[in-house]
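Start from the sequences, fold in the hints, and give me the full structure.
Heads up: the sequence shown runs through residues 51 to 169, numbered per my numbering.
There could be a bad hint or two in this list.
For each label pair, taking beta carbons as the anchor points, the in silico distance ranges come out as [stated by the list, open to error]:
#1 ASP110 / ARG153: 23 to 31 Å
#2 VAL112 / SER61: 47 to 55 Å
#3 LEU152 / ASP128: 31 to 39 Å
For the record, the hints were derived by calculation from the structure and aren't laboratory data.
Using N, Cα and C, we set each Cβ at its ideal position, and we do this for glycine too.
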Amino acid sequence: MTTVVTVRDFSVIFNAYLQFEESMLALKMEGMSESEKEDTDEDNHMSVEDHDDDEDDRLDIVKLEKKHEEFWLCDNKDVNLRLARLEYLIDRRPELANTVLLRQNLHNVELWHQRAMLF
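Here you go:
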């Protein structure tokens, strides 16, 4: 969005990006509700022996892949992050639109006053 020159182009790109973020958030929320059901079933069937042999886990590829999937950076349930990203995008719309207008005419004092009011 930093290379857009017209407000019309900006609105098309911004709305498409906003729609994409909303659809990804909805998809993750649906996946989260389904995976919560699966997680409760898996937690009930876990045994104590799974946690005792941490030393052998370094050699077992399947267990390493499972631990990798459970690692917090590989979390597929990043709904909070996606929600924050969507809110940040919506909050920045006036600033981004003002940037596009200033790109058209840097010497417009009214736009600079509007930009100062945004911050």
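- So which of the earlier hints does this model not fit? 1
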